[in-house]
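*Asks:* Single-letter residue listing:
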Amino acid sequence: MSFSNTSRKIHKWLMLLLSIQFLIWSISGLYMVVFDIDYIHGDSLIVEDKSVIDHQQINYSFSELLIDYPTAKNVELSTFVGTSIYRFTVQSEQGPNKVMLDPKNGKKIPDINESMAVKVANYYYQGDAEIADIILLTQQAPFELSARHLPVWRVDFDDFARSTLYISVGSGEIVTRRHQFWRIFDLMFSLHVMDYEDEDPANNLLLWVALFSMLAVISGMVLTYYRVIKIRLPKNKKSAFKDLSQKQGVK
Amino acid sequence: MKNIRLIHKWLSLVVVLQLLIWIGSGLFFNLMDGDKTSGNQNRQQVRSNFTFAHQDLILPKFELFTKETQSIKLITLLAQPYYLLNPQQALYRYLTNDYSLINAYSGQVVIIDQSMATAIALKSYTGSRNVASVKKLIPPIDDLPKEQNETWQVNINDELNTSIYVDAGSGQIINHVNDDKRFADLFFMLHFMDYGSLGNFNNWQIIFFSLLMLVLSLSGFIWVIDLTRKGRYKIVKT
Numbered sequence: 001m002s003f004s005n006t007s008r009k010i011h012k013w014l015m016l017l018l019s020i021q022f023l024i025w026s027i028s029g030l031y032m033v034v035f036d037i038d039y040i041h042g043d044s045l046i047v048e049d050k051s052v053i054d055h056q057q058i059n060y061s062f063s064e065l066l067i068d069y070p071t072a073k074n075v076e077l078s079t080f081v082g083t084s085i086y087r088f089t090v091q092s093e094q095g096p097n098k099v100m101l102d103p104k105n106g107k108k109i110p111d112i113n114e115s116m117a118v119k120v121a122n123y124y125y126q127g128d129a130e131i132a133d134i135i136l137l138t139q140q141a142p143f144e145l146s147a148r149h150l151p152v153w154r155v156d157f158d159d160f161a162r163s164t165l166y167i168s169v170g171s172g173e174i175v176t177r178r179h180q181f182w183r184i185f186d187l188m189f190s191l192h193v194m195d196y197e198d199e200d201p202a203n204n205l206l207l208w209v210a211l212f213s214m215l216a217v218i219s220g221m222v223l224t225y226y227r228v229i230k231i232r233l234p235k236n237k238k239s240a241f242k243d244l245s246q247k248q249g250v251k
Numbered sequence: 001m002k003n004i005r006l007i008h009k010w011l012s013l014v015v016v017l018q019l020l021i022w023i024g025s026g027l028f029f030n031l032m033d034g035d036k037t038s039g040n041q042n043r044q045q046v047r048s049n050f051t052f053a054h055q056d057l058i059l060p061k062f063e064l065f066t067k068e069t070q071s072i073k074l075i076t077l078l079a080q081p082y083y084l085l086n087p088q089q090a091l092y093r094y095l096t097n098d099y100s101l102i103n104a105y106s107g108q109v110v111i112i113d114q115s116m117a118t119a120i121a122l123k124s125y126t127g128s129r130n131v132a133s134v135k136k137l138i139p140p141i142d143d144l145p146k147e148q149n150e151t152w153q154v155n156i157n158d159e160l161n162t163s164i165y166v167d168a169g170s171g172q173i174i175n176h177v178n179d180d181k182r183f184a185d186l187f188f189m190l191h192f193m194d195y196g197s198l199g200n201f202n203n204w205q206i207i208f209f210s211l212l213m214l215v216l217s218l219s220g221f222i223w224v225i226d227l228t229r230k231g232r233y234k235i236v237k238t
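Order-wise, the sequence lines are chains A and B. One point on numbering: in the numbering used here, the residue at position 204 of the first sequence is 204, and numbering is uninterrupted. One point on numbering: in the numbering used here, the residue at position 236 of the second sequence is 236, and numbering is uninterrupted.
Here chain A stands alone, though its shape is the one from the complex (with noise of 0.2 Å):
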């Protein structure tokens, strides 16, 4: 048997089982490479916050805060929802806590209340669809959402990619932006990789699969070379006629 006949007969068997595979890796890479990262990720979804703070109002210095708050950290003043805003955490038994103050006088803002948090949505999101819904999540963070952000405001729009704005409840804060491409993105990412098998660090089906594949691209590489250059190669006309005479039955 020629080499060129071995390639062939690896590489038209290892295909049947691998193609799906081939086809797969092509659309869902395709999928991700298309697809600007940056809208991906949603960038587009939120203003450019222009917002300052505003000097006029800061009667509270960052020295009163930590004497009111010795274990305060991460201690900012910024903008929310264009007035100014002293945002810190806490270390409490449950993890760290966010808290936020008002600089005019120091006092404690309370968590975000879901008339606030449609405030905070319409403020941030840059469109003009109208919220679809609006769900406070405390226990359990769906798949899209990183559990340490909870408890958070979902607030879903009712826009072309069903986007969503995650709010922390605790600082106020758009902690997470997703859309229907981004989930898709996500779903393509897993085809990607073939993480069929949640949280799975080897991934051994992945290694086998690339591993075999790797020997079929090889054995397909052989048969180019055979059929579509070797065959043009000029000193070999006589057996590139030969080829074609065998394959039309002509000895």
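What the hints contain is simulated information worked out from the structure, not anything from laboratory work. Some hints could be false.
[Stated by the list, open to error] For each label pair, taking beta carbons as the anchor points, the in silico distance ranges come out as:
(1) A:L211 <-> B:A119: 21 to 31 Å
(2) A:A132 <-> B:D33: 39 to 49 Å
(3) B:R229 <-> A:V228: 23 to 33 Å
(4) A:P110 <-> B:M32: 18 to 28 Å
(5) A:P110 <-> B:S128: 28 to 38 Å
(6) A:A132 <-> B:S128: 56 to 66 Å
(7) A:Y39 <-> B:A132: 39 to 49 Å
(8) B:D98 <-> A:L211: 45 to 55 Å
(9) B:W204 <-> A:D43: 14 to 24 Å
(10) A:V228 <-> B:L211: 15 to 25 Å
[Stated by the list, open to error] Here are the computed lysine-lysine pairs in the DSSO-like style, where the Cα-Cα straight-line distance is at most 30 Å:
(11) B:K2 <-> A:K107
(12) A:K73 <-> B:K123
(13) A:K230 <-> B:K2
(14) B:K123 <-> A:K98
(15) B:K2 <-> A:K12
(16) B:K230 <-> A:K12
(17) B:K2 <-> A:K73
(18) A:K98 <-> B:K73
(19) A:K9 <-> B:K230
(20) A:K73 <-> B:K73
(21) B:K234 <-> A:K12
(22) A:K104 <-> B:K73
(23) B:K73 <-> A:K119
(24) A:K12 <-> B:K9
(25) A:K230 <-> B:K123
(26) B:K123 <-> A:K50
(27) A:K9 <-> B:K146
(28) A:K230 <-> B:K146
[Claimed, not checked] In silico negatives: residues of chain A with every beta carbon more than 10 Å from chain B:
(29) S7
(30) F35
(31) D36
(32) V90
(33) D102
(34) A147
(35) L233
Ideal Cβ positions, reconstructed from N, Cα and C, are used throughout, including at glycine.
Mind docking chain B on chain A? Use the hints.
*Replies:* For chain B alone, coordinates are given in the frame of chain A:
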């Protein structure tokens, strides 16, 4: 069917090298040790749980600010408190930022110089502290393709040629990069066809080759179905 076979053969000629690279680099990602290729073998968390002299912190003097400010963060660098002012907060840290750094005790504006950058870098490093060189880099930076801000590069004389990157504006540690990470990054560059080293996979060459690859896979898939229908997959030799 004849045309499908013809397309498959000719496309294979165009795509085959990149396809080998894709599968080869894919195998590498599957086998690589994520801890080793993170670049963080000698990185340590910089702890900042010491107590401030709260009463000595001065409120930032807003009248001194030349720029309007979106965010003021109280940070610590080398066990000293600083206010980090940001006039226009970018969506991501690596996008252009125009920080001002102010000593929170004296109120003086601080520029991160070579010795300060080196000290900050070494605080995050656990190995033997043998500094080979320190440079201030202007983007583009080879090890940090997305970075748009001026960055201090502190090169350590260790086995892995670790480079520690410190944001020249904010004094924050951006990253540790070493030869293991650079080796892995080479494979990412190949897999993403990021031959311009822009640090992303939305480039025209990969979109073009992915399209060709899809046609190659599809034509091959149709070929397999055709062979199956014609009964050409037989275990026993005829």
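*Asks:* If you check each hint against the structure, which ones fail?
*Replies:* 1, 4, 5, 11, 17, 25, 26, 27, 28, 30 and 31
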